[in-house]
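Chains E and U supply the protein sequences, listed in that same order. Position 271 (the first sequence) corresponds to 271 in the numbering used here; numbering is contiguous. For the numbering used here, count along the second sequence from 1 and bump the result up by 1000.
In case anyone wonders, no lab produced these hints; they're calculated from the structure.
Subject to a maximum C-alpha distance of 30 Å in a straight line, what follows is the list of computed DSSO-like cross-link-like pairs (lysine-lysine):
| hint | chain 1 | residue 1 | chain 2 | residue 2 |
| --- | --- | --- | --- | --- |
| 1 | E | Lys470 | U | Lys1069 |
| 2 | U | Lys1137 | E | Lys88 |
| 3 | E | Lys569 | E | Lys555 |
| 4 | E | Lys590 | U | Lys1099 |
| 5 | U | Lys1017 | U | Lys1048 |
| 6 | E | Lys599 | E | Lys529 |
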Amino acid sequence: MRLDSPAGLKDFKESLLAAPQGQSIWVCGGPGCLAAGSQVVFEALQYEAFKRELGHKVAYRVELTGCLGLCERGPLVECSPQGFFYEKVSSNDAPEIIDKTLMKGILVERLVTNPQKPNKEHLPFYEPQNRLIMRRFGQSSPGNFDDYIRTGGYEALCLAFELGPIKTSKRVEDSGLRGRGGGGFPTGLKWQALREAKGSPRYILANGDEGDPGAFMNRSLMEGDPFSIIEGLTIGAFALGASQGYIYVRHEYPLSVLRLKNAIEEAEDRGLLGKDILGTGFDFHLLIVEGGGAFVCGESTALMASIEGREGIPRVKYVRSTEAGLWEKPTILQNVETWANIPLIVLNGPDWFKSIGAPQNPGTKVFSLVGEVRNTGLVELPLGTKVSTLVNQVGGGVHKGRKFKAIQSGGPSGGCLPESALSLPLDFDNLTKAGAMMGSGGLIIMDDLSCMVDVARYFTGFLVEESCGKCAPCREALPLFHKILMDLTTGKGQKGDTDFLESQAKTLSTTALCGLGQSAANPILSTIKYFRQEYLEHEEGYCRSGRCQDMYFPKIDSEACKACGACQKSCPTSAIEGKKKEPRLVLVSKCISCGSCLKSCPFCAISAQRRPNA
Amino acid sequence: MPDLHSLSEILLSRPNKPVELLALMQLIQAKYRYLPEEALRELASYLKLPLSRVFAVAGFYKALSLTPKGEKLVKVCCGTACHLKGARQIQGALEEKLKIKLGETGADGKLSLESVNCVGACALAPVVMIDETVFGKTTPKNIGELPLLT
Ligand SMILES: Cc1cc2nc3c(=O)[nH]c(=O)nc-3n(C[C@H](O)[C@H](O)[C@H](O)COP(=O)(O)O)c2cc1C
Ligand code: FES
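Use the sequences and the hints to build the structure in full.
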């Protein structure tokens, strides 16, 4: 059914709310749970419900939904209206969930952490969170238009039509929203610039390239609530006088492309995209462009070149995109999460938005929390939340017996911060000041088995591959840095390497053409700044983290060893010996220092010792 | 020389505007598992673009290939989370098991082994993706048992 006026949309929503909701079973369809097999769980649940011919008896739903967050304990299932939160669900649990929860509304106790408090809000992982961007995850089926309307979708667009373009834009300009794509640039300044720019047509772009390796916030959003991005873009187009938009989606995310495509088609059918939206005479067309697998295409000018059908090579920004961007026309580019904030801000007003988060850093931010913490997953926190809350409460701290070493944020453009960063508020300015960067929200926790020189080598290697080669500093310096880091991590390091790297890296930051090169030194500079001792040890051929091959020997602490034999099992060269109930020993002659045993020991009794010559 | 029978069908599925270049190349890549030179020539004339521009774009993007890829794509994730959790060991184990190196395609054309910088399932690192299916928490030992590899 096509909706032909804002009033029609309101009536439609009321009719949806009037219909009985019944029992719903939401199976997490986020990237983590899908990889853990939630599709199979979902199909089993559907099958069990179907087998019992429930459709004839009660109103119920079994659906996939957006990322529920606690990927570590997936596949996850949330049941509404009770809010029961089931963890590590398998298809074998399906009959019981259907019989008890779907048919009788009763809890399946063995699937929850605490039967007394079976809702996810009571878990330490969720308690500090404020799920605004993720509010529909666990309440709606991603591509379902009716669900979107029932949960308040398109109310903001209707309000924008009432307010008119200028007042709508002002709401965003006054909100203090900062771009969620990396730099934290004030969104309002861009809106104002585009509003005042001359020339037409104008273009509205969403950046869903999510190039940072080790991050999945944008993917989860595009797959979990595609309509919220589309509504944000539509409001932007209305406020800023555009009629054509593009969403640029990362090549590796075929499901995101599919969900967005379906949502766009659905919105067109319902009269919320295309010609004469809601009968107001306003036209807005939206297309998806699938990337080609190049990190640099996340950079604004490269992204525009890529949409134009050229190589994604950045240009120098003498002129802002808001004056001459896509096809030299006024253009605004924002991250998909930034766009998803727009409906919230327009609907609730700038003061409401500023009441969340920290001064100069209003609102929430979605982070993907991965690496060596107990609870990996997707979290949404008010900006300004303490890093320690994130690591120790939400993340549950590092694994038992290990020590926190660093938190990495901002992907290849960001940096590694040490333990002292735990007391920092997590916001754009504090992270930048400390030498890292918020980036798009990927946070990677590292413990004492992670080697900081290896991390710098990893990111530098990544950037060597991804540098487009246009400007000399980036093209020439990165391979040189990579070679030095390669030497340092393979025992060929030399005295003075650290100082040389540090001084040259600073030069790169000031001379590169685009953001990729300008920030490419951050991983090196931040690790040298906070972990210089580790670098110096690598110059001498020692890796204390037991990560770099041939740069240490594993040593088993005979006091701490409980003779469980885990290391023996993990060793690929049978270099560990020991009788039953006796502490284990490493045979130095057979050891290839692969690090397997260090990771395998449940009592952290194995350490990386300096080799005699190092 | 591949059978380019369905090429015109692919081309006609999108308007002949230069902006469609990347999208059309991706369709051709999906169909033939690489970009045959003949197809690129046809594409250039369809979009009225110089051949040099078409080849430049073909060479720039990692998702596009000028040599045929295997029927099945096995991708080791080398994103940050997977790197930390031992992606290199997974890569080594896969190379040994499949008897091809990273970036290579088996002689029979059945399999290609590639790396990818994150598939968004980092919470389950280290991750291997076979075609569009993602497998999490892999180890050098359990990698041999992945259903699609055997
Ligand atoms: C090398 C490089 C890669 C980038 N990758 C992304 C990306 O994947 N996603 C993104 O939203 N922004 C990325 N950016 C930032 C964009 O250039 C741009 O600033 C951003 O999309 C603007 O949106 P925002 O104001 O909502 O943050 C990247 C920048 C650089 C220099
Ligand atoms: S780093 Fe491997 S899936 Fe993200």
